[in-house]
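Visitor: Single-letter residue listing:
Protein chains: 2
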Amino acid sequence: MGLAPAAHVLYSQMRFNPKNPEWLNRDRFVLSNGHACALLYSLLHLFGYDFSLDDLRNFRQLNSKTPGHPEFELPGVEVTTGPLGQGICNAIGMAMAQAHIAARFNKPNFEISNNYTYCIFGDGCMMEGVASEAMSLAGHLKLNKLIAFYDDNHISIDGNTNCAFTEDVTQRLEAYGWNVIWVKDGNNDIEGVAKAIEQAKKVTDKPTCIRLTTTIGYGSLNEGTHGVHGSPLKPADIKQLKEKWGFNPDESFVVPQEVHDLYQKTIDSGIAAEQEWNALFSKYAVQYPEEAAELSRRISGEFPANWTSKLPVYTPADAAVASRKLSEIVIESVHDTLPELIGGSADLTGSNLTRWKEAIDFQPPSTGLGTYAGRYIRYGVREHGMGAIMNGISAYGAFKTYGGTFLNFVSYASGALRLSALSGHPVIWVATHDSIGLGEDGPTHQPIETLAHFRALPNCMVWRPADGNETSAAYKQALESKHTPSVIALSRQNLPQLEGSSIAKASRGGYTLVEKADADIILISTGSEVSLAVEASKFLEETKGIKAGVVSLPDFHTFDQQSHDYRLSVLPDGVPILSIEVMSTSGWAKYSHQQFGLDRFGASGPAPKVYDFFEFNKEGVASRAEKTVAFYKGKHVSSPLNKAF
Amino acid sequence: MGLAPAAHVLYSQMRFNPKNPEWLNRDRFVLSNGHACALLYSLLHLFGYDFSLDDLRNFRQLNSKTPGHPEFELPGVEVTTGPLGQGICNAIGMAMAQAHIAARFNKPNFEISNNYTYCIFGDGCMMEGVASEAMSLAGHLKLNKLIAFYDDNHISIDGNTNCAFTEDVTQRLEAYGWNVIWVKDGNNDIEGVAKAIEQAKKVTDKPTCIRLTTTIGYGSLNEGTHGVHGSPLKPADIKQLKEKWGFNPDESFVVPQEVHDLYQKTIDSGIAAEQEWNALFSKYAVQYPEEAAELSRRISGEFPANWTSKLPVYTPADAAVASRKLSEIVIESVHDTLPELIGGSADLTGSNLTRWKEAIDFQPPSTGLGTYAGRYIRYGVREHGMGAIMNGISAYGAFKTYGGTFLNFVSYASGALRLSALSGHPVIWVATHDSIGLGEDGPTHQPIETLAHFRALPNCMVWRPADGNETSAAYKQALESKHTPSVIALSRQNLPQLEGSSIAKASRGGYTLVEKADADIILISTGSEVSLAVEASKFLEETKGIKAGVVSLPDFHTFDQQSHDYRLSVLPDGVPILSIEVMSTSGWAKYSHQQFGLDRFGASGPAPKVYDFFEFNKEGVASRAEKTVAFYKGKHVSSPLNKAF
Ligand SMILES: [Ca+2]
Ligand SMILES: [Ca+2]
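Residue numbers (the UniProt record's numbering), protein chains in the order written: chain A, 1 to 645; chain B, 1 to 645.
So that you can see chain A by itself, here it is in the shape it has in the complex (with noise of 0.2 Å):
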């Protein structure tokens, strides 16, 4: 309660169409505290979204409208927040989608793009260092559109913070480059924050931080103490409150039509902004026919038709080429064709290979280093903070992102990650160096577990393509997602063009790469290891007379969205099925009777000699593929398809 009165002082003046929450140049609001949830939604009911005093009434109740933190398939809930500090970098993430859409699309007396992005966050954000990441970027790109009020209450869950946060954050977000407006009362004084928030909008070179001092449950008997933290308020004290602010305190959820009529003010000039702004873009449609096109087409979400044309394919007589480097090749060919592409890297350009050749970094342009037109975002080695970032850019619509560090790192941004795919943003992750094959960098960043616990997480692509045609089908997957992110794990050592492999094919998550006739096993892998299988089936062959076929597996998560008929021809009865992947075995025992992997961490050494030490070579495998084919040999060998439910 201590934030209502702010609250409401922003919502009235912010500029929406609550019948059409689409609205590409609406203002945005985040509540990055998720908590706090109960005001958004009558915030949003008040406001003339699709929420009614039922749902209020049912809020936290299970298949409500109101959940106990906002999720973002909600009319008017921009993204899902609750897990601490990711709100904040969601709203940055918007601030620099209208940035690089004003800076593209706007034109002189056209200003097709010019929406704020407020949020508000409080002090568990401003601890979580996912924020400090994204707002020490935000300073740096002078977000000057985006204006986020810090709820400074005092409290946090272990009651007040002054047992473990005494920063002062005036000062650590002017050292970060925001410009700090301090509403020392921010209880009562409405006048103030409105005034605040006219003097943010004048800045021109600073995100601004409105500080709210305000009291937790203010008005409660209990204000200004944890107890209203996450707890509802008592009868009694309910009571006293509605009779301080002269309300019937014998009603509930009950809304005074002077209160309606007052916020109806600021809905019909949000469904006026919407009308003028449709009415200017017909005219810049007139004017900007290209511009207006492109805009229209990346909104509906479509790509231009034939885009796939632009995806390299590659045969066996192409040279062997790391998958990071594919990736590239990838991003260089289709980037001119699909300008909603955004991308950026944690600090790695280099090594990940994330930057097409011509590319503009998207900057202020003050800092003579690129434009906010430009489409390379250097992240700095913030991994978390890019993540939480490409979630507030994709949240914004009419931009697919990507974002590139070392797989191993994709685990500092697990949080974002998470919430990609829990709100079906489909982000891209350039996961490079996805192995021991990184070589002497070591077991500190080769990852063992990574794949595991991306695959465990619901409504994620994991890519971990063999060679060229495999990469392209894994950013066409990727690329043309629409609610599912993707983590494409890529090589730093090269990779042979496989026979047998296609984009077709690899876009079905699994298939058939050497079929044999009658086999006595079939290899399963992904990446740099299906290469080895097929040496290891030749070897089986030449040396044992063993037949062995090989499968690539490149993403879990589409290969079980095809048909049982299409899963089972790839992974049939009869044979026994060993899995090759140089990490963790964890998870393939769904697809596989045995499993060879590397359930330990690895080591620092050249590449190649580390493969070897872990008899990641042809005759590793194909001694533990001998043992499997004696291990069943006259038993029933089941598919590990076939399942009881």
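One or more hints might be untrue.
One copy or two, it doesn't matter: identical chains are merged, so the pair holds either way.
[What the hints assert, rightly or not] Computed cross-link-like contacts, DMTMM-like style, restricted to lysine to aspartate or glutamate with a CA-CA straight-line distance of at most 20 Å:
1. 234 <-> 440
2. 618 <-> 174
3. 265 <-> 174
4. 201 <-> 111
Just so you know, these hints were derived from the structure itself, not from any lab.
Mind docking chain B with the ligands on chain A? Use the hints.
Guide: Quick look at chain B with the ligands alone, frame taken from chain A:
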């Protein structure tokens, strides 16, 4: 090379005995920018640690003592670093450990503990959120014996930091409550560095950061460019460099005698310091025998005999209790017996139940909220920082440490947990609210992939106890662990005390809870679903005549270490096994033929309704068990433990 002069000044005045790198009161040094490890290995060689010139020559070779990043196991390497941001947090943990040891054991004329903790970190560390979290806490905690060097070289892999990192670092650190000293010519101003260290030691209420403005690759032909960041210098460059510094350009890995002599002084004075300390400690043992005995025991890592008698034991007659509460009861029971236990929580004390009643907070006395002798740490909302700090406390020695948060937010700390496992820091995560059973907070807070992730991490225990005895077993194993971290997943909701559970049985990681002769099926489960499996077993027998044994598997890692015979007695041939766990099924095929789980995100609502919605009730389990029995009827069923290799 920009850092080398300062590093030499620093090491020359440090107090350590290279022949006994484990001396408790040694000064610690952490290289947070671990990719600069060539510098660290050289220092360790020069200052008498067990690093030969041959070791240096084998830099980044397989199984060498000089891997691509510093590893904890190596003499003189205090912590494994490389993943950016972690090392500075580890250093903060070490400084906290030192402050506690000093407050607990120092007596008039007996300064048993007074070591400094030094750290070098770079721009990359400063950009990482994890560092932000811990540095803010370090300022709050006024850790004056922490002296960190910020290598302000303006370069990261993406080139000049001005493309992404333009914040005012000095101002930010001052906002956190740090003392900042700027040495503007870090390349050359040896005296300035020495003076800065002296000054830092005089500050009594703040950690100090010495900002060293340096040139990366100073002296190289490419000095000041990111070309020297991770790549070796070219031979011609090395030659001119050696000539510039007065070395013979034709010699490599040669250290002149006069250099050795110089360093010998530091070594000698370190050896003398340890001898003095040993003498002091002998006198201390006479005057303060209890304290001396405690500290000696703690250094040895052995617990008091019979400490396990403090672990609570339950019978089925005892009340149903949430396992987070059972965890609190363990902490309450053992904290007196185990004074090395120091723990805290990332803000959620009242929800995680991590604090014993009479605990004193670990705080600077000036706050009036506790003392450095306090053993309860208020981490604030900083999960990742907490994880990395715990690693530092553990690496310091003489502590067992735990930290609490919701299970779902342990994922925020993936980077730190991975290093716990890799380095073998036996820290404990008290991870409450471990499933959809947390109810109303909804899918943003309900773990799905989390256990699969941690179980795929090598060398990590992931306990999910089902009742009181199993909670005691989890703590027994986690506390006694010397080289393996633990995540203990605990419920928000009440769990009944099970017939057939015991500390001894659960300590094996998995055991038969309900034995059925001629079982038709075995239900295998963890945590809150074990009692559900027991219920379903009764229901199956009563309504369908199906005999279902029940296995509880509280920790995969510990179970895997039991003998094959034991494991096969729990998961025998001939019986289909159905796993029941209300989260991702990934990884369960290792112990079961069929899986019932939740391979989607959860839902917001009262917990019992959410369980019913996903059919996690006795009817839902029973119907799946029935299908499983039918599916395997007449088939040969082999234990999932039987493997070809
Ligand atoms: Ca929405
Ligand atoms: Ca060591």
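Visitor: Each hint: holds or not?
Guide: Consistency of the hints with the structure:
1. 234 <-> 440: This pair counts as between: shortest inter-copy Cα distance 19 Å, intra-copy 61 Å.
2. 618 <-> 174: neither (58 Å within a copy, 57 Å between copies)
3. 265 <-> 174: neither (36 Å within a copy, 46 Å between copies)
4. 201 <-> 111: within (16 Å within a copy, 57 Å between copies)
This entry does not satisfy hints 2, 3, going by the numbered hints stated previously.
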